[in-house]
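Protein chains: 2
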Amino acid sequence: MANQKNNYCVIMAGGVGARFWPMSTTAKPKQFIDVLGTGKTLIQLTFERFKNICPAENVYVVTNEIYKDLVLDQLPELDKNQVLCEPSRRNTAPCIAYANYKIHETNPEAVVVVAPSDHIILKGEEFTNDIQTAIKAASENDWLLTLGIKPSRPDTGYGYIQYKEEKIYARDSRLRKVKTFTEKPNLEIAKNFLESGDFLWNSGIFIWSLKNIMAAFSKHLEEIDSLFSKGIGKYNTLAESDFIKDTYAVCKNISIDYGVMEKANNVYVLAVDFGWSDLGTWGSLYTIREKDENANAIVGENVMTYDTKNCIVNVAAKKLVVLQGLEDYIVVEENNTLLVCRKDDEQQIRQFVADVKMEKGEQFV
Amino acid sequence: MANQKNNYCVIMAGGVGARFWPMSTTAKPKQFIDVLGTGKTLIQLTFERFKNICPAENVYVVTNEIYKDLVLDQLPELDKNQVLCEPSRRNTAPCIAYANYKIHETNPEAVVVVAPSDHIILKGEEFTNDIQTAIKAASENDWLLTLGIKPSRPDTGYGYIQYKEEKIYARDSRLRKVKTFTEKPNLEIAKNFLESGDFLWNSGIFIWSLKNIMAAFSKHLEEIDSLFSKGIGKYNTLAESDFIKDTYAVCKNISIDYGVMEKANNVYVLAVDFGWSDLGTWGSLYTIREKDENANAIVGENVMTYDTKNCIVNVAAKKLVVLQGLEDYIVVEENNTLLVCRKDDEQQIRQFVADVKMEKGEQFV
Numbered sequence: 001m002a003n004q005k006n007n008y009c010v011i012m013a014g015g016v017g018a019r020f021w022p023m024s025t026t027a028k029p030k031q032f033i034d035v036l037g038t039g040k041t042l043i044q045l046t047f048e049r050f051k052n053i054c055p056a057e058n059v060y061v062v063t064n065e066i067y068k069d070l071v072l073d074q075l076p077e078l079d080k081n082q083v084l085c086e087p088s089r090r091n092t093a094p095c096i097a098y099a100n101y102k103i104h105e106t107n108p109e110a111v112v113v114v115a116p117s118d119h120i121i122l123k124g125e126e127f128t129n130d131i132q133t134a135i136k137a138a139s140e141n142d143w144l145l146t147l148g149i150k151p152s153r154p155d156t157g158y159g160y161i162q163y164k165e166e167k168i169y170a171r172d173s174r175l176r177k178v179k180t181f182t183e184k185p186n187l188e189i190a191k192n193f194l195e196s197g198d199f200l201w202n203s204g205i206f207i208w209s210l211k212n213i214m215a216a217f218s219k220h221l222e223e224i225d226s227l228f229s230k231g232i233g234k235y236n237t238l239a240e241s242d243f244i245k246d247t248y249a250v251c252k253n254i255s256i257d258y259g260v261m262e263k264a265n266n267v268y269v270l271a272v273d274f275g276w277s278d279l280g281t282w283g284s285l286y287t288i289r290e291k292d293e294n295a296n297a298i299v300g301e302n303v304m305t306y307d308t309k310n311c312i313v314n315v316a317a318k319k320l321v322v323l324q325g326l327e328d329y330i331v332v333e334e335n336n337t338l339l340v341c342r343k344d345d346e347q348q349i350r351q352f353v354a355d356v357k358m359e360k361g362e363q364f365v
Numbered sequence: 001m002a003n004q005k006n007n008y009c010v011i012m013a014g015g016v017g018a019r020f021w022p023m024s025t026t027a028k029p030k031q032f033i034d035v036l037g038t039g040k041t042l043i044q045l046t047f048e049r050f051k052n053i054c055p056a057e058n059v060y061v062v063t064n065e066i067y068k069d070l071v072l073d074q075l076p077e078l079d080k081n082q083v084l085c086e087p088s089r090r091n092t093a094p095c096i097a098y099a100n101y102k103i104h105e106t107n108p109e110a111v112v113v114v115a116p117s118d119h120i121i122l123k124g125e126e127f128t129n130d131i132q133t134a135i136k137a138a139s140e141n142d143w144l145l146t147l148g149i150k151p152s153r154p155d156t157g158y159g160y161i162q163y164k165e166e167k168i169y170a171r172d173s174r175l176r177k178v179k180t181f182t183e184k185p186n187l188e189i190a191k192n193f194l195e196s197g198d199f200l201w202n203s204g205i206f207i208w209s210l211k212n213i214m215a216a217f218s219k220h221l222e223e224i225d226s227l228f229s230k231g232i233g234k235y236n237t238l239a240e241s242d243f244i245k246d247t248y249a250v251c252k253n254i255s256i257d258y259g260v261m262e263k264a265n266n267v268y269v270l271a272v273d274f275g276w277s278d279l280g281t282w283g284s285l286y287t288i289r290e291k292d293e294n295a296n297a298i299v300g301e302n303v304m305t306y307d308t309k310n311c312i313v314n315v316a317a318k319k320l321v322v323l324q325g326l327e328d329y330i331v332v333e334e335n336n337t338l339l340v341c342r343k344d345d346e347q348q349i350r351q352f353v354a355d356v357k358m359e360k361g362e363q364f365v
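Protein sequence lines, in the order shown, are assigned to chains G and C.
Everything in the first sequence is counted per our numbering, starting at 1 for the first residue and increasing by one.
Everything in the second sequence is counted per our numbering, starting at 1 for the first residue and increasing by one.
One or more hints might be untrue.
Which copy is meant is left open, so a pair is good if it fits within one copy or across any two.
Claimed, not checked - With a cut-off of at most 25 Å between alpha-carbon atoms, the simulated BS3-like pairs for lysine-lysine come out as follows:
1) Lys309 to Lys360
2) Lys28 to Lys318
3) Lys343 to Lys309
4) Lys80 to Lys5
5) Lys319 to Lys291
6) Lys319 to Lys343
7) Lys357 to Lys318
8) Lys28 to Lys319
9) Lys357 to Lys309
10) Lys167 to Lys263
11) Lys291 to Lys360
If you are wondering where the hints come from, they were derived from the structure by calculation, not from laboratory data.
Here the structure is a predicted model, which means the values were calculated and not measured.
Work the whole structure out from these sequences, hints included.
Below is the structure:
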C-alpha cells in the first residue's frame with residue numbers, strides 16, 4: 001500500500017442524534033451506540049474503517065466536550081490530544097477549521113478525509129479502494145473532493161450534488177466536476193433530480209489536501225478562518241482549550257457544504273456504491289437490519305409478536321415485550337422511555353423530542 | 001338499620017387475573033391493585049362496600065395462601081382468623097364450602113353474601129339497598145339468591161340466568177325464580193339470549209342463609225360436603241390448616257354455578273342495576289375509566305399522545321411514553337413487561353401468558 005503517513009482522518013462525532021430518540025439521547029447519542037447489534041458502536045466501526053486508510057495516530061475525532069470521555073472510552077487507541085472538544089455546536093465548517101489548524105501544526109502536507117461517525121458502510125473493501133482513489137486524486141490536484149451516492153429514491157433528507165457529464169480523470173471515470181450543490185430539497189424537486197439522472201446524494205464524506213481546504217477557507221469563509229488562525233502557537237498546548245472556548249463563543253454556525261462547497265469552483269465528486277447508509281432514520285435502520293419471517297427487525301431477547309409485521313423493534317435486552325396486531329410501527333423502549341410511532345410518521349420524532357423537553361424536562365432527552 | 005349481627009360476607013380473592021396481565025401477575029393479581037387509580041385496591045373497595053352490610057368481624061376473605069399477607073396488609077381490620085387460605089385453586093364450590101363450615105362454627109343462623117373481590121360497583125347506595133333486599137328475602141325463605149345484571153351486549157364472557165316472568169315477591173318485583181343457568185355461551189347463543197329479553201348476566205354475587213346453602217351442598221355436592229364436614233371440630237383451631245391442606249389435595253375442582261345453582265330448584269334472581277362491572281377485560285376497564293379528549297383512558301403521569309385515540313394506556317407513574325398513530329390499542333407497561341395489543345383481540349392475552357410462561361419462564365407471569 002502507498003505511503004500512508006500523510007493520510008489523516010477527521011471523524012465528526014458531535015451530533016446528538018435526535019431522530020433516533022429514545023435510543024439516542026443527549027447523554028449517549030447514536031454514534032456511541034451499537035445500533036446494529038454487532039458488538040461495536042457506530043464510532044468504533046468508523047474508526048476501524050479508517051485504520052485501513054491511515055495510522056491510528058493520524059485519526060482525529062471532533063466532538064462535544066461532554067462526550068470526550070465516551071470517545072476515549074470507546075476508542076482506547078486514541079491519545080487525548082487526538083480528541084478535539086467543541087464547547088458548543090457550530091455545525092461542520094468550524095469543526096473542520098479546528099481540525100485543519102490542529103493537523104497543520106504537525107503535518108502541512110496532510111491529505112485529509114473528513115467523515116461522520118455514524119454512517120454505515122457495508123462494503124468495506126470497496127470503501128477503502130474508493131477512499132484511496134480519492135486521496136490520490138486530491139493529493140495530485142487542487143481538487144476538493146466529495147463522495148456521492150447514487151440515489152435510490154427521492155429522499156428529502158439529503159443534500160444533492162449535480163455533476164458534469166465530462167470524464168476528467170483518467171484513473172477513474174466515476175470522478176466528475178461538480179455543477180451544483182443543493183441543500184435538502186422538497187419532494188417535488190427531489191423527484192426531478194432523480195429523473196434528471198445526473199444527481200447524487202451528498203454523503204457528507206470529504207477528501208482534500210490540507211493546503212487546498214485551508215485555501216478554500218481563506219477565500220470563502222474568511223471570518224472563520226481568521227478566528228481559528230489566531231490559535232496558531234496555541235494548538236497542541238495547554239492554551240488550546242481556552243482559546244477554543246473563546247473562539248466558539250463568537251464563531252458563526254455554518255455547514256461546510258453551504259460555506260465552502262457551494263461556492264468553490266474546484267469541487268469534484270466521486271460517484272460511489274459501497275453499501276452506504278447514514279442511518280439517519282429508523283426507516284433506514286429498518287432497511288439495514290436483519291428481519292424475521294414477518295418482516296420485523298427486532299433487537300431484544302424477549303420480544304414476542306403476534307399478527308405483527310414490518311415493524312422495527314428496539315428494546316433493552318431483558319425486557320419482555322409482547323406485540324399484537326401492529327403493522328409498520330417503530331417500537332423503542334430505551335432510557336426509561338417508550339416510543340410507539342408509525343414508520344411513515346417518524347419525521348415527527350424531532351417534534352416529540354422538542355415537546356418532551358418543554359413539557360417534561362431535559363432528563364428524558 | 002336492621003340487626004346486622006347475622007349478616008356475613010365471604011369475599012373470594014383467590015384469582016390470578018390472567019386477563020389483566022401484565023398489570024396483574026401471579027405475584028400481585030388484579031384484586032390487590034388500585035386498578036382505577038382511586039387510591040384503593042379492588043379488594044379494599046369490596047371490603048368497604050360490605051362494611052355497610054355487616055360488621056367487620058363478620059367478613060371472611062378466601063384466598064390462596066400465598067396472598068395471605070397481602071390480604072392482611074391491605075385489610076388491616078381483619079383478624080388472621082378471618083382470612084381463609086386455600087393451598088390450591090379448586091374453583092368456587094370448595095371455596096364456599098370451606099367458608100360455610102367456618103362460619104357455621106360461630107353462627108349457624110348466618111345469612112351470607114358471597115362476592116368476588118375484584119368487581120366494580122359504581123352506585124354504592126343502590127348496591128347496599130339491593131343486598132339488604134336480598135338478605136331479607138333469603139333469611140325469610142329457603143331461597144338461594146343471585147344478583148343478575150341486565151345485559152347490555154351479547155358478551156360471551158359471562159354466565160347467563162334465564163328467569164320466569166312471574167312476580168313472586170311482594171317486597172320487590174325484580175325478584176324472580178330462575179328458569180335456567182347457562183355457562184358462557186358462544187356469540188350466536190348470546191345474541192339469542194339478548195333477543196329473548198328474559199336473560200340476565202350472572203354477577204357471581206350470591207345471597208343465602210347458611211342453612212339453605214349447606215342443605216344444597218348436602219343434596220347436590222355430597223362428595224365435597226362430606227370432605228369439609230370432616231373438619232368440624234378443627235375449624236378455628238390449630239388443626240384447621242393441616243386439615244385444609246389434606247382436603248384440597250383430594251377435593252374436586254368445580255364452580256358453585258355448575259355444582260349447585262344449575263341443579264337446585266330453589267334458585268332465585270334479583271335483577272339489579274347498580275353500575276356493575278367485573279372488570280374482566282381491558283375493554284371493561286376502558287369503559288369504566290375516565291377518558292381524555294381523544295377517547296384515550298390513560299393511567300401514567302408522563303404519557304404523550306399524537307394522533308392516538310380510543311386506547312387504554314397503563315404505565316408506571318414516572319415512565320415517559322410517547323404514542324403516535326395508535327387507534328384502539330391496549331398499551332400496558334408494568335412489571336418489566338410491555339404489552340401492545342389491539343383492544344378487539346384482547347382475549348388472546350391468556351394465550352400470550354401461556355406462551356410467555358412456556359418460552360420465557362414463570363418470572364414474567
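Hint by hint, here is what the structure shows:
no.	hint	verdict
1	Lys309 to Lys360	between (32 Å within a copy, 21 Å between copies)
2	Lys28 to Lys318	both (20 Å within a copy, 21 Å between copies)
3	Lys343 to Lys309	both (12 Å within a copy, 18 Å between copies)
4	Lys80 to Lys5	within (20 Å within a copy, 82 Å between copies)
5	Lys319 to Lys291	within (20 Å within a copy, 29 Å between copies)
6	Lys319 to Lys343	both (22 Å within a copy, 22 Å between copies)
7	Lys357 to Lys318	between (28 Å within a copy, 15 Å between copies)
8	Lys28 to Lys319	both (20 Å within a copy, 19 Å between copies)
9	Lys357 to Lys309	between (31 Å within a copy, 23 Å between copies)
10	Lys167 to Lys263	within (22 Å within a copy, 95 Å between copies)
11	Lys291 to Lys360	between (34 Å within a copy, 21 Å between copies)
Consistency note: the structure conflicts with none of the earlier hints.
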